[in-house]
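K.L.:
Listed below are the residues making up each chain.
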Amino acid sequence: MNANLKETILNPIFKGNPITVLVLGICSSLAVTVEMKGALVMALSVTIVTGLSSFVLSLLRNTIPNRVRIIVQLVVVALMVILVDQVLKAYAYGIDKQLSVYIGLIITNCIVMGRIEAFALGNKPIPSLLDGLANGVGYGLILIVVSFFRELFGSGTLFGLRIIPESFYAAGYMNNGLVILPPMALILIGCIIWIQRGIQKDLQEK
Amino acid sequence: MNTNGNAYTVIYSTIIVVLVAAILAYASMALKPKQDANAKAETISQMLTAAQFYSKEECSSMGNDKVLEAYSKNIKSAFAINAQGQKIRDLSTDVNKIELIDNLKAQDNNIRGKKDVELPVYIFTKDGKDVTVVPCYGAGLWGPIWGYLAFSQDDKTFVGAYFDHASETPGLGAKIKDDPSFRAEFVGKAADYNASPIFSIVKGGAPKDQQNAIDAITGATMTSKGLSAAIDTWLAAYKPYLSNNGSAPAMTSAQPADTTAAPADTADIK
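Same order as they appear, the protein sequences are chains F and Z. Residue numbering for the first sequence follows the working numbering, starting at 3 and increasing by one per position. Residue numbering for the second sequence follows the working numbering, starting at 2 and increasing by one per position.
None of these hints come from the bench; they were simulated from the model. Don't take every hint at face value.
With a straight-line cut-off of 20 Å between C-alpha atoms, the simulated SDA-like cross-links for lysine to any residue are [stated by the list, open to error]:
hint: 1; chain 1: F; residue 1: LYS39; chain 2: F; residue 2: GLY162
hint: 2; chain 1: F; residue 1: LYS99; chain 2: Z; residue 2: PRO145
hint: 3; chain 1: Z; residue 1: LYS35; chain 2: F; residue 2: THR159
hint: 4; chain 1: F; residue 1: LYS99; chain 2: Z; residue 2: ASN39
hint: 5; chain 1: Z; residue 1: LYS57; chain 2: F; residue 2: PHE161
hint: 6; chain 1: Z; residue 1: LYS57; chain 2: F; residue 2: LEU24
hint: 7; chain 1: F; residue 1: LYS99; chain 2: Z; residue 2: SER168
hint: 8; chain 1: Z; residue 1: LYS57; chain 2: F; residue 2: GLN100
hint: 9; chain 1: Z; residue 1: LYS57; chain 2: F; residue 2: TYR95
hint: 10; chain 1: F; residue 1: LYS39; chain 2: Z; residue 2: LYS127
hint: 11; chain 1: F; residue 1: LYS99; chain 2: Z; residue 2: LYS127
hint: 12; chain 1: Z; residue 1: LYS57; chain 2: F; residue 2: GLY96
hint: 13; chain 1: F; residue 1: LYS99; chain 2: Z; residue 2: LEU142
hint: 14; chain 1: Z; residue 1: LYS127; chain 2: Z; residue 2: ASN75
Listing some non-contacts, in silico: residues in chain Z with all C-beta distances to chain F over 10 Å [stated by the list, open to error]:
hint: 15; residue: LYS35
hint: 16; residue: PHE54
hint: 17; residue: ILE199
C-beta atoms are modelled at their ideal positions from N, C-alpha and C, and glycine is treated no differently.
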């Protein structure tokens, strides 16, 4: 059981990462990775939402009528997302504004529904909670890595702090405008998937 | 228990929905005062940024209370005008009950629909001079864009501007907010209330000698166009008030300097 739990927690972070292996949640990872601060808050929000929704739906799993299963899931996920959005609006207004519509769009993030369908409805509440949290962390990890490169090369800053000194700009260095745009995030994620498949041979198709 | 029966499904769904609605209603009510305070401080800090009292970063690090204090300290008068440029009522500037008109969307509809409007005018005192701040609102590429224009009371040249948006493209349209050099283009320019458009943002670069135009943002044609239209529409709505140099009938007596016409206006009258 203990080994199982450990597997539940560790698997989504690397071996079964929701972005690089399951290729879920790509849309939001392209949108919110321009700056690390936004990516971090998004990662936290998704982690909380996946964790809590998995937990609640796992508690309800034996009572949910099968025919309205997806709708009940959506209602619970939407509840969590709106709560996160409201709390951010009250306590982290600037970041909420920056993430704007993407917080609301966590509802449609495939990772949330995917983990509920695949795991929470068939497992006990505590493992479901951990599975949800771990998947959020796995998602967040990729977000942080991608946003690190995008903010560094796109704006010359990290978490809003200047990293590339002004003297570089004076000497003719320029921020890479392409890195700011979503296509570059896709290319970066592609590179991460490439590296991961190089390490994990079992992911390679014959 | 049969969880697949019709009655069970209907009752279950009803209970879940009512329960969720109750939780959300409670959360919304509990957090509302805090959210409103944030929104108000945000609006005020946008004005303070436009009038170049502080940078936006300074405002966000100051915290809500300090922002309200800074507003209260620097403002001279705030009031609402109607479509004819007449003052309708004063807006309270007391730090404990600061009154703003921030339903810009509704006002924008009224301006476009030629209905009754209630437009805010905020007059700040900066370095002994009066700086007027007025809002603008319009449609960008993906959603609404809005902002505040600050100009000196004497000659109507812009001293600054601040814009915000709901969902413009990061790195492109979002530059209206994020790129200080775009906002800096406004400084020293002035709207020409006898021209059409009153003020414009020109794709491909504004002519160097044109006073009422600035360069658009590369790669953000639609946002630039939208912002140009927003500024033009709103300044046109303020035209009766501004082209009289703020001599709205019920004005406070503290504006003697305003009787001299703006240079652009005199030139056109001749």
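K.L.:
Which hints from the list above does the structure break, by number from lowest to highest?
P.N.:
3, 6, 10, 11, 15
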